[in-house]
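**Student:** Listed below, chain by chain, are the residues.
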Amino acid sequence: MAIDIQLLHTPLSLQHCQDWVAGAACGGIVHFVGTVREQTGGRPVSRLDFEAYEPMAVSEMRKIAETVKKRWPAERVVIHHRVGKLEIGEIAVIIAVATPHRVDAFAACQYAIDTLKQTVPIWKKEIFTDGEVWVAAHP
Amino acid sequence: MAIDIQLLHTPLSLQHCQDWVAGAACGGIVHFVGTVREQTGGRPVSRLDFEAYEPMAVSEMRKIAETVKKRWPAERVVIHHRVGKLEIGEIAVIIAVATPHRVDAFAACQYAIDTLKQTVPIWKKEIFTDGEVWVAAHP
Amino acid sequence: MEIEIMAFGIARDIFGASALKVQAVENSTVKQLLEDLKNQYPKLQELRSVAIAINTEYADLEQVIKPGDEVVIIPPVAGG
Amino acid sequence: MEIEIMAFGIARDIFGASALKVQAVENSTVKQLLEDLKNQYPKLQELRSVAIAINTEYADLEQVIKPGDEVVIIPPVAGG
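Chains as they are written, first to last, in this note's numbering: chain Y, 1 to 139; chain D, 1001 to 1139; chain W, 2001 to 2080; chain C, 3001 to 3080.
A few of these clues could be false.
As the list claims (entries may be wrong) - Just some of the chain W residues that point at chain Y, by a computed CB distance under 10 angstroms:
hint: 1; residue: Ala2024
hint: 2; residue: Ala2051
hint: 3; residue: Asn2055
hint: 4; residue: Tyr2058
What the hints assert, rightly or not - DEER-style ranges, computed between Cβ atoms:
hint: 5; chain 1: D; residue 1: Arg1047; chain 2: C; residue 2: Thr3056; range: 23 to 31 angstroms
hint: 6; chain 1: D; residue 1: Asp1049; chain 2: Y; residue 2: Glu90; range: 36 to 44 angstroms
hint: 7; chain 1: C; residue 1: Leu3061; chain 2: D; residue 2: Gln1118; range: 13 to 21 angstroms
hint: 8; chain 1: Y; residue 1: Pro73; chain 2: D; residue 2: Gln1015; range: 22 to 30 angstroms
To be verified - With a Cα cut of at most 20 angstroms, we get these calculated EDC-like pairs of lysine to aspartate or glutamate:
hint: 9; chain 1: Y; residue 1: Lys70; chain 2: Y; residue 2: Glu132
hint: 10; chain 1: Y; residue 1: Lys85; chain 2: W; residue 2: Asp2013
hint: 11; chain 1: W; residue 1: Lys2043; chain 2: Y; residue 2: Glu132
hint: 12; chain 1: D; residue 1: Lys1125; chain 2: D; residue 2: Glu1054
None of these hints come from the bench; they were simulated from the model.
Where a beta carbon is used, it is the ideal one built from N, C-alpha and C, also for glycine.
Only chain Y is shown next, with the shape it has when bound in the complex (with noise of 0.2 angstroms):
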């Protein structure tokens, strides 16, 4: 099977996902790496706590990196998100496509971090100094 889905409580390693991605076949290999950022808006950010809805977060990242593979010639598509507490820094999440032509690997990992965001049941809590957030959840 050409795809690997993960949700960890570890941290994640970009190494593993271009070890895994890469194969004889394919030329070119995009990563999009998420990290947590120290400030929101001008606000510093202590820590952020990530939650899932694990069984279907796993389902719906399956269905991203299969419709990547219909719709672009991806050989390897990789998807790793990352849950629990995480400090300033360190990765949220990694996608990483290999296609044998570059415009296609860039294509496909925009299209499946873009669909991660709108459709996997994942949850963040932005933890300032004084007080937290949910991230996106009022208008």
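Following the hints, put chains D, W and C in place on chain Y, whose structure we already have.
**Tutor:** This is chains D, W and C only, laid out in the frame that chain Y set:
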């Protein structure tokens, strides 16, 4: 300086690039990784030889990174290119761009690899079992 | 019929619990359940969106909830 | 005036050397140099493109070559 340009005779490290670009101000990092494919137009490749007009290659790579910083709100830009003999599956190029918002990282990274292929004086020779050819030399 | 609803993120904070049991008539739809929940927990109305998942899939508003279904309230997601 | 031209990639194969010395009149332009080289080495005409770099910058066709310039012939590049 927020730009890291390297022309290396030794294997490239994606982890090194990630560690270098990952800053606390950036939520989105896009890496392009170009590897040596096992075949070209159905013909099996044994190896690739890359050579560069090194001072100009570094200068042209730096121009690309500077243009990226001008056109997009990129915090960090890495362009590493390998020269010398590469085996199938080895990494020839890594471009990493870190921006506050992911859409810019995708656009900037794609611009950088597209431009690198057009302007940077690096040449590659594909070595087949029964011959060799300078890639893209002829129409 | 009794429906157990699991809650994550801000929905759990609004419910004050990670699971909730509600009474519903037989053949209740997702739409009816959402209306009841929004009436009982008005803060749900302030959210950018509220969806229901049944058995780990997003459910249509017209979908009928069956006994034994795994029902989850999905407040606005924010992965990545 | 004598111009030394460095060559890489397929240009080196066509020249049969990694550097070449050619005689040129004073104030020779890049355009004249390229025409001379293409006449002397007709295989250059078969390439997708041929450019000249002077002092590590792509040179315009009208640029004048000065004594001491670092001149490099740039066949089609193929990095990445």
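**Student:** Each hint: holds or not?
**Tutor:** Now the hints, each set against the structure:
1. With a cut of 10 angstroms, the hint placing W:Ala2024 at the interface with chain Y is violated, because the nearest CB-to-CB distance is about 21 angstroms.
2. With a least beta-carbon distance of about 9 angstroms to chain Y, the hint placing W:Ala2051 at the interface is held under the 10 angstroms criterion.
3. The closest approach between the C-beta of W:Asn2055 and any C-beta of chain Y is roughly 9 angstroms, which is under the 10 angstroms cut-off, so the hint is satisfied.
4. Restraint check, W:Tyr2058 versus chain Y: the minimum CB separation of about 8 angstroms is within 10 angstroms; hint holds.
5. Between D:Arg1047 and C:Thr3056 the beta carbons are some 29 angstroms apart, a value that agrees with the proposed interval 23 to 31 angstroms.
6. Between D:Asp1049 and Y:Glu90 the CB atoms are about 40 angstroms apart, so this pair conforms to the stated range of 36 to 44 angstroms.
7. Against the hinted window of 13 to 21 angstroms, the Cβ-Cβ separation of C:Leu3061 and D:Gln1118 comes to about 18 angstroms, which satisfies the hint.
8. About 27 angstroms separates the C-beta atoms of Y:Pro73 and D:Gln1015, a value consistent with the hinted range of 22 to 30 angstroms.
9. A hinted pair counts as satisfied when its Cα atoms are at most 20 angstroms apart, and Y:Lys70 with Y:Glu132 does not qualify at roughly 40 angstroms.
10. For the proposed pair Y:Lys85 and W:Asp2013, the alpha carbon gap of about 18 angstroms is at most 20 angstroms, so the pair holds.
11. The suggested pairing of W:Lys2043 with Y:Glu132 holds, with an alpha-carbon distance near 17 angstroms, which does not exceed 20 angstroms.
12. Distance check on the hinted pair: D:Lys1125 and D:Glu1054 sit about 17 angstroms apart at the alpha-carbon level, within 20 angstroms; holds.
In the structure shown, a violation is registered for the earlier hints numbered 1, 9, in ascending order.
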